[in-house]
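Chemist: As a plain string of letters, each chain reads:
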Amino acid sequence: MSDRVIVNQIRTLRFMAGEMSQAELGKRIGLTRQTVAAIEAGKYSPTLEAAFRIAEVFGKPLEEVFQWSRES
Amino acid sequence: MPHREKLAWMTLLLIAATYGPYFVHVVLSPPTPGLLPNLPQLWLLALAAGGNGVLHILGRIALRVGAPEDARAPADERDHDIQRRSSMVAYYVMMVGMMVVGMVMPFTTSGWEIVNAGLLAIVLAEITQNGLAAWSYRRSAA
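Top to bottom, those sequences are chains A and B.
Each residue of the first sequence is one higher than the last, beginning at 1 in my numbering.
Each residue of the second sequence is one higher than the last, beginning at 1 in my numbering.
These aren't lab readings, by the way, just hints derived from the structure by calculation.
Careful, some of the hints might be misleading.
Facing chain B, from chain A, some residues (calculated, C-beta under 7 Å) [what the hints assert, rightly or not]:
1) L31
2) Y44
3) Q67
As the structure is a computational prediction, the values presented were derived from the model and not from experiment.
The beta-carbon is built from N, C-alpha and C at its ideal position, and this holds for glycine as well.
Pulled out of the complex, with its shape left as it was, chain B reads as follows:
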């Protein structure tokens, strides 16, 4: 499996492991409206984002140690092609998300709902990009 495909799968896994529980919690017990800054909610968000970041760094180190030659190899034309296509689709996901969050939601809601919707748009764009990359690698695997 190419190094960059492993990275895409790892990113998807880490999103599920960190932001998944965060959004499940947000759905099951939504933040109290009007309560700002709502420190417990802020801590949860910091835990999800920080945990994702730390695990991502550790995962990259583990992949590099596991297959150092693969990790050192520069991206080739297929990697660039897959990256370009997946990023293009993810860009539109992000753009639609940001339009909803920045141009629609301020008229209907406020506070943590907007914050969480913004975060969801970013996470969905990441899932789109890495999901498409992983699928493209699988599809063209020998």
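The following block holds chain A by itself, in its conformation from the complex:
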């Protein structure tokens, strides 16, 4: 098994986007608020398409939103 986990910067990016709400982000990418919250907390890994959609909303490349890091 991999000792790596997927982490993300969605909370920071939402803050930088004028404190965009989870519900608003979800609405823009076709996910429920609860699913956005689960992704943000690292409890659910989105599909590649949803990940690209999230990155597109913030105008960032995918690797600035999601990283594959070693567990600390």
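Got chain A sorted already, so can you dock chain B onto it with the hints?
Modeler: Here is chain B on its own, set in the frame of chain A:
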């Protein structure tokens, strides 16, 4: 809590409230063997199934009225993922149940025992599906 998680919990609750008493009654006072059609037993079954159906409809209406936006939102990829996994496991529960009911029990018993075993297989599959769905939502809740 996501709308579909509420539906899963509600379904589990209604199964416990309707089929639970039915199966407790079946265990405590089993239907008389050979007595067919056994109208009192048929009424009990109709009461459990009908009651479950009516309460389910009322529950769905209550959830829709309570949180209309959540209820209107289409299922997203996490909902589909949870649905697919829980249905897959429930399918095997149902298949094993139907094999026992349709391929084993006819050689050993008949009548209401087969009917109740078939119903139990369906109820167990429903419990599996909704239980797994509710657990999956809890596990991945933020």
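Chemist: Does each hint hold? Answer for all of them.
Modeler: Consistency of the hints with the structure:
{"no.": "1", "hint": "L31", "in the structure": "5 Å, holds"}
{"no.": "2", "hint": "Y44", "in the structure": "5 Å, holds"}
{"no.": "3", "hint": "Q67", "in the structure": "19 Å, violated"}
Of the numbered hints listed earlier, the single one contradicted by the structure is hint 3.
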